[in-house]
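For chain A, the structure is supplied; the task is to place chain B on it using the hints.
2 protein chains.
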Amino acid sequence: MYRSHTCGELRLSDINSTVTLAGWVQRSRDLGGMTFIDLRDRYGITQLAFNAEDDAEMADKATKLGREFVVQVTGKVVERSSKNKNIPTGEIEIIVTALDILNAAKTPPFTIEDNTDGGEELRAQYRYLDLRRNPVQEKLKFRNRVALETRKYLDSQDFIDIETPYLIKSTPEGARDFVVPSRMNEGQFYALPQSPQTFKQLLMVSGFDRYYQIVKCFRDEALRADRQPEFTQIDCEMAFVEQEDILQTFEGMVKHLFKTVRNVEFSYEFPRMTYAEAMEKYGSDKPDIRFGMEFVDLSSIAKGHGFAIFDEAEAILAINAEQCAVYTRKQLDTLTDWLKRPQIGAKGLIYLRVNEDGTYKSSVDKFYSETELKKWADAANAKPGDLILVMSGDLEKTRKQMNELRLHMGNELGLRNPNQFAPLWVLDFPLLEWDEESGRYHAMHHPFTSPKPEDMHLIETEPGKVRANAYDLAINGVEIGGGSIRIHDRDLQSRMFDLLGFTKEEALAQFGFLMNAFEYGAPPHGGLAFGLDRLVATMNGSDTIRDYIAFPKNNSGRDVMIDAPAPLDDAQLKELGIKLS
Amino acid sequence: MYRSHTCGELRLSDINSTVTLAGWVQRSRDLGGMTFIDLRDRYGITQLAFNAEDDAEMADKATKLGREFVVQVTGKVVERSSKNKNIPTGEIEIIVTALDILNAAKTPPFTIEDNTDGGEELRAQYRYLDLRRNPVQEKLKFRNRVALETRKYLDSQDFIDIETPYLIKSTPEGARDFVVPSRMNEGQFYALPQSPQTFKQLLMVSGFDRYYQIVKCFRDEALRADRQPEFTQIDCEMAFVEQEDILQTFEGMVKHLFKTVRNVEFSYEFPRMTYAEAMEKYGSDKPDIRFGMEFVDLSSIAKGHGFAIFDEAEAILAINAEQCAVYTRKQLDTLTDWLKRPQIGAKGLIYLRVNEDGTYKSSVDKFYSETELKKWADAANAKPGDLILVMSGDLEKTRKQMNELRLHMGNELGLRNPNQFAPLWVLDFPLLEWDEESGRYHAMHHPFTSPKPEDMHLIETEPGKVRANAYDLAINGVEIGGGSIRIHDRDLQSRMFDLLGFTKEEALAQFGFLMNAFEYGAPPHGGLAFGLDRLVATMNGSDTIRDYIAFPKNNSGRDVMIDAPAPLDDAQLKELGIKLS
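In order, the protein sequences belong to chains A and B.
Each residue of the first sequence is one higher than the one before, starting from 13 at the first, in the numbering used here.
Each residue of the second sequence is one higher than the one before, starting from 13 at the first, in the numbering used here.
Worth flagging that the hints you see were computed from the coordinates, not collected in a lab.
This one's a predicted model, so the numbers in the text were calculated from it and none came from an experiment.
Check each hint, because a few of them may be wrong.
The list cannot tell twin chains apart, which means a pair is met if one copy fits it or any two copies do.
[Unchecked claim] In silico lysine to aspartate or glutamate, EDC-like type, Cα no more than 20 Å apart, as pairs: (1) LYS228 / GLU242; (2) LYS516 / ASP581; (3) LYS591 / ASP581; (4) LYS586 / GLU198.
Pulled out of the complex, with its shape left as it was, chain A reads as follows:
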């Protein structure tokens, strides 16, 4: 071992010990006769002291150490005259008697400090240096704690960690698969799993009863800030359970994680809301309920007053921004422009100020009397000083736009404190969603989700209205996890594939093994999966999952540090039996 102690562990009680430390030169201060060096490792920082009067040669050597040099020092622990109360080792320093340079370092391309001067691209290219910075290390340590506590909790609940294969079969349903040509089976391909879904269901058929895995999954999709081509799931499945059992079990897990890793205790049951209610009140299936500002439907009171835009609209939705009557015309114009950007695509924004004196000011007051406007204010529960914001149009689009506006106003008004956590179960998702492009229904969750028995009568006539035994957990407006009770009956599963437009042959070729398994005694089962990357970021009050991944890919799916993907040489392609087209 190159050290007797780490750079984070020496205290006043160690005074007069002789110790050996190893680490990186964080900072060097040459104060004439004295040189001080901050030596850093994963565990902390310890100050090294060199006195030119005592040992000129050593002090000279010390002044020549550059930033990020790796050194080993031996010396005596002494009490510092000027103590640093900000760090746990701040009461001591080391009078160095031996100094060994283990490795030199070129000047790093950006500063290895909490606040670095390096831009995003440069830091991505030198990710191994960015990972030296304290805030980045803390994020990965946090992730490690979350993963380990997840395992402890699930183990305590009799879940078994079972590894499922990474080289599986491509299935055209859903997102695009990454595929892997097989050299031993030329012309054939494996696919990387988008999730271990069918395997975990087979494990339930096998009687494992409770399964979990923290597992990489892969989707070849266009990337966004919160999407990576490879991502990590906490993947779970249980047999002989109903939805309530699953919600209880995983609410327990999330509470355990917050308590053990964040010291946040939830003394209440997580609130629950149906998908229908979430869409009605928040226009989102993952509402941020840290704040209210629920949608108010103005249709019945705002229609029929000659304002054509409202009269023709399918929906007229409002939110009440409390104490925002002070917004100037300019502020409202800026807000309107923000909503009109193509990312949101709103046509416009109507406002209603409830003045402090009880009068009203609206952008449409030539169509509405004070009495009519008062009805709006009453419906929105607005008080003097509040500002009502109204959008209208097609129901679905208006909800989406209003959701964006609500979240934006939440940010503006400081209602979205990253250190406050508002979990919410969203229940009763629709089984299917209509896809305009392909002109058919798609599974909203996946094709293995069980419809609600009480909605089964609608399945032929109004399949879009059938609700599923499917649920999501949202925290602070982020979808953290989701799952469903699964189909465990071959006939129902087969009927589901029909509904989704599979031919019998396609269904058999792709999922025959699962349907066959259902014929040999499949128990009722269900489960869910959490996105670990998002869970960890959200628990830490952040919305950038990339920060919580040691070696993330950029928006083009590239690892710029190792420069992958890359061309293959011809011999490799030939051996695989493929050509570039």
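Just chain B now, kept in the frame of chain A:
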């Protein structure tokens, strides 16, 4: 929840409780008026009792349940009149008052019993049914315990679990990569990692100090019984350590695993042996030291007696099979034939019986006098009743063949008790090995392994003699893990790539990121990786890793259950920009 209790938990103390159980019909016995059913779940078996006199309809329903039906029953716990001492629930049974068939089952294609009648192929095709069998479930539960205790130990030693990417860059060094075409970067490919080697080294450069990961790795190689295209490693790396620190840390881990999971305690330090000694004494770099039978070099005494085969041989090696003088001529012929099979390729086998009366009988006694043969016996420390087996030829080949013979004799003589464990560290592996096919040196471990400083003077003149700071842990003749101290100096790493025949350009293109990282303050570091599949199998006294994998692939790399790999449709190929050749 479909049950109040599992099938493994009811005891005499539960008598008179009303309980609900759910599980699979394991067996049904119709004894006239009484029907007994063994209900099975992951936790155990509980006997259900149906009395036709009390409830004829219910009893009738019970007799109609087939094997592997999934049922839910409610009933009263009663004491059994004829107790089954073999199972924990054997003192009670359930008088069933409600019976609900949750799912019917076709008759399974093989029996779901500890000893099944299903052949290997059939069980592979219906792996989800094979996984129901108790011995198979136990193996995966065992694996789960080993993985979890590994994490607990490493966490207690300050290791951080950090996920490294699965979509990386192909490197021609070593085994073949599986590759993944990138749709977003047409004509370019990711590779699946053969190990996270370079990433864990970068994490050391980043200062994470102690890293671990239980991670899937991929090798597109010809498969054998103990090889799978995807396999799991316990992958570890430490900074600021010397070889001794690594050996201590991971010897501690293995002891922890044996103690917590197998209740086997090692009260001694694992023995250590150099690679050179292991090859000399056992002809193997992973000797099974549960038994002796070490190689004896007869060259100096057996040469020069007119027996041309020996006189011309580079090596004459013997082992002493104790108490095997009773082997008949026929047994010896069988042994010789076994050695002559192409898998081993020996030319022949010479024997020397040490008879009980002290006389000798050898297949070559026309060349050797009793006095000469006595020298053989003395060299091999043979006593009356022992049998000396001798092979000769090229040193390397003879060692390999003798190793096979030694292991075979160990099996024959019952010296390889699967419940006895003999760990052994093998040290000082050669840095390089000569590859006849390519006519150049290959890295024996990998190109990042550090040569021993004391052998550095040989690196230009006799590179094959340079030893590495590389080590393996073998248990019972199985390589469980291995690792090395790594190079952390750019110049040395660059020199190593030269030695391995890389051009400067190739080295930079493939590993430039690592060599660059070494310029920014890389600490001394090293690590190792355990093969989890093999570790688990070996700890459980088995040599079939496939049994410890939930969904293994066959020898052609196929998953016969899901039928993968499989052809892709043309649209998918087109989107990926590739064609079949």
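A quick look at each hint next to the structure:
no.	hint	in the structure
1	LYS228 / GLU242	both (6 Å within a copy, 14 Å between copies)
2	LYS516 / ASP581	between (41 Å within a copy, 17 Å between copies)
3	LYS591 / ASP581	both (11 Å within a copy, 16 Å between copies)
4	LYS586 / GLU198	both (11 Å within a copy, 17 Å between copies)
When held up to the earlier numbered hints, the structure conflicts with none and fits them all.
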